[in-house]
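Chemist: Protein sequence lines correspond, in order, to chains A and B. According to UniProt numbering, the first sequence holds residues 1 to 517 in order. According to UniProt numbering, the second sequence holds residues 1 to 517 in order.
Warning: the hint list may mix true and false statements.
Since the list gives no way to pick out one identical chain from another, each pair is judged satisfied if it fits inside one copy or across any two copies.
Claimed, not checked - In silico DMTMM-like cross-links for lysine to aspartate or glutamate, where the CA-CA straight-line distance does not exceed 25 Å:
id, residue 1, residue 2
1, Lys501, Glu487
2, Lys482, Glu503
3, Lys369, Glu193
4, Lys274, Glu175
5, Lys501, Glu48
6, Lys501, Glu175
No wet-lab data here; the hints were simulated from the structure. Computed from a predicted model, the values in this text were never measured in an experiment.
Number of protein chains: 2
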Amino acid sequence: MHPQRWGDPGAATTLDESARALVDLAFGLTETPAVSGATPPVTRLPEELLAGLRGIVGEEHVLTDDDTRALRTRGKSTPDLLKARAGDLADAPDAVVRPRTPAEVERLLAFAVEHHVAVVPFGGGTSVTGGLAAQRDGYAGLVSLDLVRMKRLLAVDPVSMTATLEPGLRGPEAEALLAEQGLTLGHFPQSFEFATIGGFAATRSSGQSSAGYGRFDSLVVGLTAATPTGTVTLGTAPANAAGPDLRQLLLGSEGAFGVITAVTVRVRRTPAVKRYDGWRWPSFEAGADAMRTLAQAGLLPTVLRLSDEAETAINLADPDGIGSESSTGCLMIVGHEGTAELVEARRAAVAGVLEGLGGTCVGEEAGQKWAHGRFAAPYLRDALLDVGVLVETLETATFWSNRERLYAGVKQALESSLEGAMVLCHISHVYETGCSLYFTVAAKEAADPLAQWQAAKAAASDAMVAAGATITHHHAVGTDHKPWFAEEIGPVGVRVLRAVKAELDPTGVLNPGVLIP
Amino acid sequence: MHPQRWGDPGAATTLDESARALVDLAFGLTETPAVSGATPPVTRLPEELLAGLRGIVGEEHVLTDDDTRALRTRGKSTPDLLKARAGDLADAPDAVVRPRTPAEVERLLAFAVEHHVAVVPFGGGTSVTGGLAAQRDGYAGLVSLDLVRMKRLLAVDPVSMTATLEPGLRGPEAEALLAEQGLTLGHFPQSFEFATIGGFAATRSSGQSSAGYGRFDSLVVGLTAATPTGTVTLGTAPANAAGPDLRQLLLGSEGAFGVITAVTVRVRRTPAVKRYDGWRWPSFEAGADAMRTLAQAGLLPTVLRLSDEAETAINLADPDGIGSESSTGCLMIVGHEGTAELVEARRAAVAGVLEGLGGTCVGEEAGQKWAHGRFAAPYLRDALLDVGVLVETLETATFWSNRERLYAGVKQALESSLEGAMVLCHISHVYETGCSLYFTVAAKEAADPLAQWQAAKAAASDAMVAAGATITHHHAVGTDHKPWFAEEIGPVGVRVLRAVKAELDPTGVLNPGVLIP
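Based on the provided sequences and hints, a complete structural model is requested.
Modeler: Written out as structure tokens, the structure is:
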């Protein structure tokens with residue numbers, strides 16, 4: 001991962017000429033290069049504590065060099081990138097510590113408690129909500145607990161169709177291990193290439209194929225977490241009535257309650273066929289109604305997403321198409337995966353419904369284009385930041401009857417806050433009772449782009465709460481969403497989280513300042 | 001509800017001659033009538049506290065008469081019935097209080113805290129795990145908080161396909177209100193006729209059609225609960241990543257964290273067609289493997305259950321059939337509900353799989369017979385207790401690869417503990433990764449049938465824990481399952497529950513002794 005950009009440094013991109021022309025037309029081009037040569041602050045951890053950490057994980061797995069620490073500084077939200085691009089590495093950890101076993105994680109937590117060292121569990125570093133920017137004031141230091149060495153496929157149960165994975169496996173690594181046995185997890189968030197199994201669990205991630213495979217929390221049947229006050233293993237059955245489902249309390253706990261050291265997930269057979277079709281709708285509303293019809297008829301495909309008119313017109317994956325016939329109306333991607341027979345049967349059933357509702361199938365090309373570019377958007381953001389265009393995404397979810405109000409409210413808030421902004425939206429996830437809305441917003445950078453974005457983000461978040469929607473469908477709470485999260489769960493909900501935190505992490509060494517309002 | 005038997009006193013049954021002959025053959029007949037004329041202990045609540053309660057809910061809704069209190073004494077496990085039949089009403093509440101609004105519930109809880117009165121939330125009174133037998137020592141008295149007056153359908157959202165229901169609605173009442181709008185909840189546990197919406201939520205109930213409609217916890221998209229320290233409303237979207245899903249902490253909280261005052265559930269259109277078929281399998285294993293195949297192929301019907309050889313032979317709903325051809329092998333019920341078109345399509349797809357795996361469709365008669373008698377078994381238990389035969393059910397769940405071990409372990413434990421016992425089993429609920437096992441056990445009553453059953457129950461529960469399975473798939477924890485529940489969630493899980501309890505109910509007035517180990 002690049003310290004100032006998304007993803008693989010080798011995959012960094014710049015705008016081609018046609019894209020530059022378009023961006024110039026919309027926002028103007030202001031070359032805004034990232035500051036180079038910044039270094040993180042000198043490590044604050046005294047030698048005796050570093051020695052203690054080395055005693056737990058071994059000499060070579062306690063890293064304090066600048067490059068390593070720079071790479072573990074914050075996540076990949078646009079504010080994170082703006083800070084990194086400006087050379088601000090103030091949030092760098094004092095050390096990066098890489099345990100290999102759950103026992104080492106337990107010993108690290110005990111050590112952190114004993115010496116009051118803050119611990120930030122680190123998977124892929126892809127948080128876009130400030131989930132990796134822990135408070136350090138009042139602590140002896142801050143350690144990034146990097147799970148990069150915990151990458152094993154611990155067990156496969158081919159009868160129950162479950163697999164037990166270590167938390168440090170990145171999406172492609174987990175898929176590759178499962179593929180050797182003809183299996184797939186089917187979890188493909190946009191962060192797939194870098195994010196990890198532990199991160200998916202800790203943030204209740206949802207992927208682009210979750211309509212078919214299920215949200216990550218619904219894939220988890222068991223997990224083990226090491227907390228500062230003991231280790232817990234949950235998951236005796238697919239479902240039970242043995243009190244509240246405590247698995248659901250650790251899922252989404254964002255490293256604030258414990259470090260997830262193993263996750264047992266439902267797996268499926270590798271699909272023989274993947275078929276992604278584009279469908280065109282006369283309006284966002286018509287397409288959304290069709291999605292609702294599919295969900296409520298029990299006919300959800302594997303992938304289902306719908307861009308609004310603006311996002312369809314400005315298809316970021318295909319700037320050449322802007323203004324062409326393919327940029328009118330609203331584009332829906334409908335993907336089916338499975339055996340050839342199943343895909344054909346389901347595809348036909350879905351097509352029958354969609355045609356009846358006024359949709360037009362535009363074939364596989366649009367679907368393939370989407371599938372091909374599905375993980376590319378974050379690279380484009382960097383290229384736009386390079387020319388002074390602020391780009392960020394945010395997302396929410398609500399019940400179907402509230403969708404239009406939420407859409408209008410958030411769009412209006414962003415457009416009011418960011419002069420000349422371009423606001424794009426798609427429905428990214430669909431349920432029987434509602435859906436998520438995923439917004440992409442672009443605007444010319446102001447003199448203080450961080451303050452500019454923070455104001456817009458606050459306005460959008462206020463609009464979500466005003467509409468009675470959630471502050472986050474799949475990006476998690478981190479530090480950025482905390483004020484609105486507190487409103488969403490109310491004072492009783494906040495007290496419950498604080499009580500659980502106090503019980504499991506009484507000295508507050510785990511990811512301080514993250515999640516808990 | 002009858003104070004010493006299951007259900008509607010008018011529906012009480014006795015064994016007919018052929019059944020008597022069979023029972024005589026198996027266990028002998030020992031007429032064991034229930035003691036009549038027992039009365040609960042005199043109410044311990046002083047007049048000033050009763051007056052305070054009357055001030056909250058009104059004179060006529062604070063009941064202290066013996067009959068009303070007898071009817072709110074414990075639940076309907078066989079131990080509960082044995083105690084009631086023996087005239088033991090020691091656990092009767094001191095008063096039954098019937099609020100009509102959430103505000104009254106809140107005031108009752110505040111009053112209970114102020115005067116240290118124990119409060120047992122009461123829905124249908126159908127608990128079979130001691131969920132209504134709260135500890136009273138150390139309290140000024142014990143009040144049954146009867147939700148019988150909170151029976152409204154508060155809202156229907158036909159676009160989002162959700163309905164908001166008050167907790168006191170019994171299964172048939174909720175279905176009747178929804179049916180007026182062409183909707184169904186589709187939740188049909190064996191307790192359906194008496195159990196309530198609030199109880200379904202508080203115990204994470206699962207119904208006989210849950211393969212198609214989903215477990216109750218998966219139907220809930222929102223809820224409101226009054227706790228002694230404040231009211232919480234959760235559910236801003238079908239799903240989110242806003243921290244842990246706190247809905248799942250109140251679902252299954254068994255009245256120990258708060259009183260659920262409203263539940264918003266996913267609803268479906270009333271099915272036009274219900275078609276239940278019987279299928280015959282050469283063995284329990286062959287049938288179970290077929291269930292697993294259906295679940296893992298995404299082909300689950302609405303109803304799917306499979307009796308083992310013993311339960312198929314001793315089909316309690318059809319004693320006349322014993323020894324006939326229909327009593328050999330293993331009977332599976334496969335039910336489909338929906339539009340005529342959908343039912344036919346799904347039925348054909350499922351039949352194709354089942355035939356390919358060696359199943360034989362035996363037609364609708366067996367399915368209809370099951371559907372007709374689906375809520376009758378608890379009445380039969382009373383008739384058997386009348387002739388000195390102890391009958392009880394217990395249930396568990398595990399992953400598919402562990403099914404045979406769990407089945408053998410629990411069966412062996414019951415047969416070893418109960419001399420001459422008849423142990424029947426069916427797979428009652430099916431998931432992609434596993435299933436539940438529902439055991440029915442009958443044995444001749446010993447001199448102390450309560451102790452006799454408690455020993456057998458402990459042996460069976462030990463076997464579940466030894467097999468790594470859950471102590472309860474859908475009956476909840478109550479008081480009876482607490483020791484094994486504590487093993488299942490481990491010391492960290494226990495501490496989390498205690499911490500949440502201490503936060504929400506610091507003086508411990510809610511359902512004391514229930515759920516929390």
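Chemist: Decide, hint by hint, whether the structure agrees.
Modeler: Now the hints, each set against the structure:
no., hint, result
1, Lys501 / Glu487, "both (19 Å within a copy, 22 Å between copies)"
2, Lys482 / Glu503, "both (20 Å within a copy, 21 Å between copies)"
3, Lys369 / Glu193, "within (18 Å within a copy, 54 Å between copies)"
4, Lys274 / Glu175, "within (16 Å within a copy, 40 Å between copies)"
5, Lys501 / Glu48, "neither (28 Å within a copy, 41 Å between copies)"
6, Lys501 / Glu175, "neither (33 Å within a copy, 40 Å between copies)"
Of the hints listed earlier, those the structure fails to meet are numbers 5 and 6, in rising order.
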